[in-house]
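When we follow my numbering, the leftmost residue of the sequence shown carries the number 1, and every step to the right adds one.
Worth double-checking, as some hints may not be accurate.
Claimed, not checked - Have a look at the derived ranges for each label pair, beta carbon to beta carbon:
hint : residue 1 : residue 2 : range
1    : V171      : Q19       : 35 to 43 Å
2    : Q100      : G72       : 18 to 26 Å
3    : Q133      : Q202      : 22 to 30 Å
No lab work stands behind these hints: they were computed from the structure.
Positions of the beta carbon are idealized from the N, C-alpha and C atoms, including for glycine.
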Amino acid sequence: MKPSEKLVATEAMTSNGTQSTRILFIGNSYTTRNQLPRLLVDLAAAAERPTRVEVSTIFAGGASLRRHWNAGIAQKALATSTWDYVVLQEQSTLPVKNAQRYHENVRLFAAEIAKHGAKIVLYLTWSRQEAPQNQDQITHAVEEIAAEIGARVFPVGPAWHAAMREDPTLVLYEADGSHPTAAGSYLAACVFLVRLFDQRPQGWSVSDRLKIDRALAGKLQEVAWRGDFARRCDGRTVGRRPTAKTPAD
């Protein structure tokens, strides 16, 4: 299957008519499962400072960034539209199996994205369920190339592991031990909201639509906002730090 371009959401979801933030996602089912880009659009609209977000995705099942590059659709999208951010999501096991190849793939896109004036975001995904020890390798591979090219990192994988450490009963993986459940994608979208806009996830409209229990949704929102799992990824301080008065629960 060739990578294809699919418009996920271009609705103006803000009360103030401000200019939208335009985001292009390039990836595979880790991006499109449970409509992650749309979840971000809706969370941004529901935030304390409602933010208008427009997203488009270029995706194919199991695709690597190299496959997307060779297909040429992403380059066309970069040349024909204006983007504020481009989110790059690599095939999930490549950073473990061949970090050098992953870095080469990112470099291909980095120059092209920079040429068109967009900022690069690296979507740091999670290890497979049966190999949690691989998360450190994935994180290191992403951080290394991010530092080289000046990209931002959205550390969803570390957020998953932080959430599961706090509550081992969480079900973030589907039965295949790879893809995200609705809760897994919701946590990913919350991390994106915090890292991109420094806004706290709030409300229940998105989690209710996903049929996520509100108590669980609140836990996931808190993990993303607290953000202490992610501070080393790009050096930015977002969200609040836990204190004695505000315990990390």
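Here's how the hints hold up against the structure:
1. V171 <-> Q19: 35 to 43 Å: 38 Å, holds
2. Q100 <-> G72: 18 to 26 Å: 23 Å, holds
3. Q133 <-> Q202: 22 to 30 Å: 34 Å, violated
In terms of the numbered hints stated before, the structure departs from hint 3 and from no other.
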